[in-house]
Amino acid sequence: MARDTVAVDVPGAPAEPAAGVLRSALVRWDTALLVVLVAVVVIAGVLVEGFASGRNLQFLLLDVIAIALIALPLTLIVITGEIDLSVASTLGLCSAAMGQLWVAGLPLELIVVLVIGLGAVLGAVNAVFVTKFALPSLAVTIGTLAAYRGLAFVVLGDQAVADFPFRWTEAASGTVGDGAVPWAAVITAVLAIVFGVVLHATPFGRSLYAMGNNAEAATFAGIRVARAKFWLFVASGAVSGLAGVYWTLRFASARADNAAGLELAVVAAVLLGGVSIFGGRGTLLGVLLGVLLLGAVRNALQLADVAADTLNVVTGGLLIASVVVPNVITLTRALWRRRSRTA
Amino acid sequence: MSARLAAPAVPPAEADESRTRFVRKLWLAREFGIVVALGLLVLVTTLDNPAFLSPQSLRDLLLGAAILVVLAVGQTVVIISRNIDLSVGAVLGLVAFATGKLLSTAPGTPAVVAILAGVGLGAVCGVVNGVLVAAARVPALVITLGTLYAFRGIDHSWAQGQQINASDMPRSFLRLGTWTVLGIPVLAVIAVVVMAVVGFYLRSYRSGRELYAIGSEPAAARLSGIPVGRRVLTSFVLCGALAGLAGVLYAARFGTVDATVGTGIELQVVAAAVVGGVAIFGGSGSVYGAALGAVLLTTIGSSLAVLRINPFWQQAVVGGLILAAIGLDRLLAVRAANRLRGRSSHGA
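Sequence lines, in order, name chains S and C.
The numbering of the first sequence is the working numbering, which starts it at 4 and goes up by one.
The numbering of the second sequence is the working numbering, which starts it at 4 and goes up by one.
Please keep in mind that the hints were generated in silico from the structure rather than gathered at the bench.
Some clues are possibly wrong.
Claimed, not checked - If you want the ones that stay clear, here's a sample from chain S, every Cβ over 10 angstroms from chain C, calculated: (1) Phe62; (2) Tyr151; (3) Asp161; (4) Val179; (5) Asp308.
Stated by the list, open to error - Not the full set, but computed from the structure, chain C residues with beta-carbon under 8 angstroms of chain S: (6) Ala153; (7) Gly267; (8) Ala274; (9) Val277; (10) Gln318; (11) Val321; (12) Gly330.
Computed from a predicted model, the values in this text were never measured in an experiment.
Beta carbons are placed, not taken as given, at the ideal position from N, Cα and C, and that holds for glycine.
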């Protein structure tokens with residue numbers, strides 16, 4: 004969050020306690036999200052009929068998997084101070100390619116590998132523009148957002164490929180045993196652990212925070228900033244490709260406009276999860292909680308018969324509150340401190 | 004690209020003559036690039052089908068571009084101060100629906116009142132964005148992503164799936180969308196006037212110049228006494244008001260409005276500005292470039308249709324154009340920096 008910017012803006016604030024306050028605030032952010040999530044689940048479980056059923060839990064998880072998957076590499080990218088807005092278009096292009104390859108008669112096992120590879124290549128294209136040509140990733144990925152979505156339409160037109168084998172489409176929403184947890188959620192959780200370990204428990208992960216705080220200083224400290232960012236964009240593309248495979252099978256439909264506009268939902272989840280848009284701050288756990296919180300609120304309100312489109316107010320409100328509230332608290336606290344010092 | 008800013012910021016009398024000339028050349032180069040691209044596009048299309056340059060087809064082109072130009076001009080003001088407004092599409096949609104609602108419940112409302120009401124509603128949305136960004140000091144990307152959802156949600160819960168048709172609105176208002184002055188659509192005239200006024204303000208007014216200063220280096224701008232918060236707030240209000248105007252124009256032109264109007268247009272608007280040479284991290288660019296970018300994006304659409312190229316290619320071409328534009332900007336910036344460095348090392 005911009006909390007640190009505010010802290011910097013306050014002249015004369017001692018550095019040491021500020022850092023401590025910041026750290027505890029961050030710990031509290033994840034905890035706060037968890038508390039809100041539990042509260043939402045409990046309240047919805049009591050008030051909304053059908054929310055607390057196993058079947059609904061399955062649907063809730065199935066609905067957030069695509070967002071959760073894409074949010075994993077995006078979290079790392081935003082922590083380095085970059086952004087990738089092309090993720091949903093990558094998903095769409097991969098879905099379109101999957102449909103076209105299936106029509107061409109390739110076996111699905113091979114198609115899945117090819118499509119994830121295609122995602123990695125699309126991510127590499129972003130990476131080349133951002134790291135080799137030193138262009139702002141916001142502008143580059145707005146460009147590829149349009150370009151990849153356009154190519155998806157070139158590949159598949161406005162038709163849909165829907166004759167995927169039932170075995171595969173059923174597996175996409177199938178659960179472990181007779182429980183409510185889908186297989187896809189297990190795969191997502193495994194990937195989340197991998198990304199979490201990389202981010203929080205390796206020198207590489209620590210270096211991402213360093214470059215997000217100050218890319219120049221990180222370079223002088225011997226961190227290979229460009230190389231790290233390159234591979235993050237490749238990972239983002241590959242995971243978006245995987246999300247494309249999931250989306251296509253889950254809805255049993257390969258379409259060029261699959262997941263159009265999903266990039267905004269993913270970015271919203273990442274920011275709600277406490278990752279600073281300026282980089283250098285955030286945890287993967289927070290992001291996952293953010294994804295689940297948004298999913299649970301939407302799911303509960305939908306069950307309570309609130310129209311899906313109206314829910315946008317809730318999504319937007321949550322996102323704004325998540326950044327404004329901590330900032331206003333810090334600002335008023337700083338104002339109080341200054342006033343008490345002069346008094 | 005901040006070299007472009009240097010021209011008016013340095014008093015002409017003191018400015019190094021050759022340097023000013025170079026800066027001017029650079030300025031010309033950027034807007035000229037789009038004009039040349041646009042000219043080539045029109046030329047190729049016309050060679051294939053001369054009807055592309057017929058008055059009717061040109062009128063359609065101008066009509067199609069007008070709304071995007073108005074939005075791009077507002078967006079430019081915000082981007083120049085190193086912010087971004089992703090909520091313009093939602094504001095356009097909300098205002099378009101509000102206009103339809105106003106005119107269908109009170110058909111006697113004069114068009115001028117409808118326009119003013121729409122601009123006012125847009126400005127209110129801009130105030131919400133601006134206050135949150137300036138007062139709470141939260142990045143504009145986050146805030147306007149949030150208000151994008153919020154405004155769109157309000158639009159949906161108000162409309163409840165309802166659609167307002169042309170037959171519900173007074174004919175005098177709808178005439179605004181098709182009316183021409185000396186063969187030029189009135190919508191295009193409005194867009195050009197908006198562009199000229201805002202362009203003049205950014206170039207010649209103190210507060211306009213201060214937006215460039217804020218975008219180049221917010222901290223330095225604050226230290227040099229520029230009221231950053233107030234200027235940023237103003238830029239968002241202006242952007243919102245213009246998005247509101249665009250919403251009214253949309254209702255007048257298409258006559259049919261529901262709650263999905265303008266969905267996703269924010270990325271087209273940002274694309275138009277970027278293609279037009281407005282740096283995404285602020286401090287440089289002009290509304291003329293952004294407006295030309297908007298015209299270029301619109302023209303590509305109709306050109307592809309005339310050239311019988313699969314219309315599915317349109318979006319891919321637009322994406323490629325954005326990448327080419329920012330690549331070109333980067334190249335120009337590197338060359339400018341090298342030249343300036345070379346000059347200072349010679350001790351000029």
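Quick rundown of the hints versus the structure:
1. Phe62: For Phe62 of chain S, whose nearest Cβ neighbour in chain C is about 22 angstroms away, the distance exceeds 10 angstroms, so it holds.
2. Tyr151: violated, 7 angstroms
3. Asp161: The claim is violated: Asp161 of chain S sits with its nearest Cβ about 8 angstroms from chain C, within 10 angstroms.
4. Val179: holds, 33 angstroms
5. Asp308: holds, 13 angstroms
6. Ala153: Status holds, d = 3 angstroms.
7. Gly267: It holds, given that the least Cβ distance between Gly267 of chain C and chain S is near 6 angstroms, below 8 angstroms.
8. Ala274: With Cβ-Cβ at 6 angstroms, under 8 angstroms, it holds.
9. Val277: At about 5 angstroms, which falls below the 8 angstroms cut-off, the nearest Cβ of chain S leaves the hint on Val277 of chain C intact, so it holds.
10. Gln318: holds, 3 angstroms
11. Val321: holds, 5 angstroms
12. Gly330: Cβ of Gly330 of chain C sits 6 angstroms from chain S, so the hint holds.
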